[in-house]
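Numbering of the sequence shown is given in this note's numbering, commencing with residue 4 and proceeding in unit increments.
It should be emphasised that the hints constitute simulated quantities derived from the structure, not laboratory data.
Hints may be right or wrong, so weigh each one.
[Claimed, not checked] In silico EDC-like cross-links for lysine to aspartate or glutamate, where the CA-CA straight-line distance does not exceed 16 angstroms:
(1) 188 x 167
(2) 342 x 447
(3) 343 x 230
(4) 192 x 490
(5) 192 x 489
(6) 342 x 230
(7) 343 x 407
(8) 446 x 234
(9) 188 x 489
(10) 323 x 405
(11) 188 x 171
(12) 343 x 393
(13) 323 x 283
(14) 323 x 116
(15) 323 x 567
(16) 250 x 320
(17) 342 x 234
(18) 323 x 282
(19) 112 x 230
(20) 250 x 167
(21) 97 x 379
(22) 19 x 187
(23) 342 x 283
(24) 19 x 171
(25) 78 x 176
(26) 342 x 407
(27) 386 x 57
(28) 19 x 176
(29) 386 x 59
(30) 284 x 317
(31) 386 x 64
(32) 188 x 201
(33) 284 x 320
(34) 250 x 283
(35) 130 x 116
(36) 250 x 282
(37) 19 x 227
(38) 343 x 247
(39) 343 x 227
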Amino acid sequence: MSVAPSQFPPPFDPSKHVGPPTDPEEERLEAGVVIVGGGPAGLACANRLMQLLEDEPELTEQLGEIPVAVIEKGKVCGAHNLSGANMVPSAMEKLFPDLDPDDWPVYQKVEKDAVYLLTKSRAIPLKPPPPNFRNHGNYVTSVSKLSRFLAERAEEAGAYLLTETVADKLLVEDRIVRGVRSGDKGRGKDGEELGNFEPGSDLMAKATVLAEGTLGHLTDCAIDYYDLAGDSKRWEIGVKEIWEVPKSLDRVIHTMNWPLRKSPKYNEFGGSFIYPMGEDKLCIGMVAGLDTSDATFSCHDLLQQFKTHPFVRDLLDGGKRVGWGAKTIPSGGYWSMPKKLAVPGMMMCGDNVAMVNVPYLKGIHLAMHAGMYAAEAIVESLKADPESVDFSGYEARVRSSEIEKDLYRSRNVRQYGDKGFVAFGAIANAWLLSGGALPPGHKESEPDSEVEVHIGAAADHYPEPDNELTFDKLGSVFLSGNATRDDAPNHVRIQTHVPREVAQTWVSMCPAQVYEIPEDQLENGAAEVDVHVTASNCVQCGAINAKGGRLTMPEGGDGPLYQEV
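Start from the sequences, fold in the hints, and give me the full structure.
Take a look at the structure:
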């Protein structure tokens, strides 16, 4: 039996997260610009704003005591950020033109590339590497480390960082965004107020920037409220590990094919990466589409299987795993961007509006450029009229920039990932040779949640954890630094009694062992089963959003504390 997770929508009403302020006027907090999200997009915006305001004392005074505030739900900026990552340097060069790359938060400049086609026992080099895998001149970084660096620079320049703070509601009056409301703190598992309860607050702003990253809680609510949806969003999931190794790696490596199954009936799209992190570390990761049809498919376990390949095992030989994390990657691309990126009083930039070029595996520099464009549009508009809510200049900047060009060139590629390895390879070659002209037209995406799932056999191939090379999910969560309290309210919204196929999809897909089917129901073969949720395990990767559920905002400060992933 096959069934689509979309048939079992989550109990979630986005309209409850958009509305007017609720605090009395005298109790409302005020800032000039409120930025939601302490990742590359939001912090690039904050840094650029502070740079521009240096030359605008009158506008700075009009923005008040807190000219720029960044709201970040993690314990620190970067705590929830994860990526590969090979960073195109253009955004860092623009944002910090006088800063030497030696002072950037990077591990090294990419001098060598390698791409391998894997079979079960062989690694066949592809020479030269396909153009979209070439990273010569880019920089290996950790997006978590990058975010901490950008946060320090923004704070030094005068921006206020409100960490451990969730933006739970978009404040809108007369269809104009006026700020955000922070989430409550100190509630128990059933929502009751505990002894340390702190209610949320209305934070009013002249301009609001949503740079929430892949989860996009308020972004999705705004898109629903303003009817801005483009094509269906879709996601990949990436699971990444950091290893200390005795042998340094001198190149950036990508692989394709094994251990993914190449037949289109499995709908397994993705690949791996292995990047150097200085002399004694490397990172290794697996990325896979969340449109798979086998309910037992697990990206975390696929990564463990990948490490058993002789080529990969040799790179890790004598090493030790010291870090782990997981995150979704928006892969809908150009057509899944909202119809507008700005509405009165607000702009949206970064992963939350699909600014990721998946065929090229690039998005950090696009997010940063978008954040800078938002800053420039804010200053331009408020300088002309301090009461302006028109930030359409941001949209114009994006549409005439490298963001538009990059994403448009790759607009019709990822959608063919369900054709199987061979057919997709032919389509990708046509795309590369044509400079993006092929495939032509507008290829729509099938939502991940509408792909029917069945109980397959992917899990039969995954290795048992040996705690030296291969590891289970629960032990991996510990390495993420997750410190969510066990009695925190459940922020995961799913239907809790569903067909076995849907439940198993959630169990397998989740890298953090959040979902569980009761043992007795597994044994008796029940067609419909209960799903138990251990929300305190959640590393907020966002995978459930792709497969019929909804991740809402946890309490501020909950979730992982990523250091280098």
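Each hint, compared with the structure:
no.: 1; hint: 188 x 167; result: holds, 10 angstroms
no.: 2; hint: 342 x 447; result: holds, 15 angstroms
no.: 3; hint: 343 x 230; result: holds, 10 angstroms
no.: 4; hint: 192 x 490; result: holds, 5 angstroms
no.: 5; hint: 192 x 489; result: holds, 8 angstroms
no.: 6; hint: 342 x 230; result: holds, 9 angstroms
no.: 7; hint: 343 x 407; result: holds, 13 angstroms
no.: 8; hint: 446 x 234; result: holds, 10 angstroms
no.: 9; hint: 188 x 489; result: holds, 14 angstroms
no.: 10; hint: 323 x 405; result: violated, 40 angstroms
no.: 11; hint: 188 x 171; result: holds, 12 angstroms
no.: 12; hint: 343 x 393; result: holds, 13 angstroms
no.: 13; hint: 323 x 283; result: holds, 11 angstroms
no.: 14; hint: 323 x 116; result: violated, 24 angstroms
no.: 15; hint: 323 x 567; result: holds, 15 angstroms
no.: 16; hint: 250 x 320; result: holds, 9 angstroms
no.: 17; hint: 342 x 234; result: holds, 9 angstroms
no.: 18; hint: 323 x 282; result: holds, 14 angstroms
no.: 19; hint: 112 x 230; result: violated, 42 angstroms
no.: 20; hint: 250 x 167; result: violated, 38 angstroms
no.: 21; hint: 97 x 379; result: holds, 13 angstroms
no.: 22; hint: 19 x 187; result: holds, 15 angstroms
no.: 23; hint: 342 x 283; result: violated, 46 angstroms
no.: 24; hint: 19 x 171; result: holds, 10 angstroms
no.: 25; hint: 78 x 176; result: violated, 31 angstroms
no.: 26; hint: 342 x 407; result: holds, 13 angstroms
no.: 27; hint: 386 x 57; result: holds, 13 angstroms
no.: 28; hint: 19 x 176; result: holds, 14 angstroms
no.: 29; hint: 386 x 59; result: holds, 8 angstroms
no.: 30; hint: 284 x 317; result: holds, 14 angstroms
no.: 31; hint: 386 x 64; result: holds, 12 angstroms
no.: 32; hint: 188 x 201; result: holds, 5 angstroms
no.: 33; hint: 284 x 320; result: holds, 12 angstroms
no.: 34; hint: 250 x 283; result: holds, 7 angstroms
no.: 35; hint: 130 x 116; result: holds, 10 angstroms
no.: 36; hint: 250 x 282; result: holds, 8 angstroms
no.: 37; hint: 19 x 227; result: holds, 11 angstroms
no.: 38; hint: 343 x 247; result: violated, 44 angstroms
no.: 39; hint: 343 x 227; result: holds, 12 angstroms
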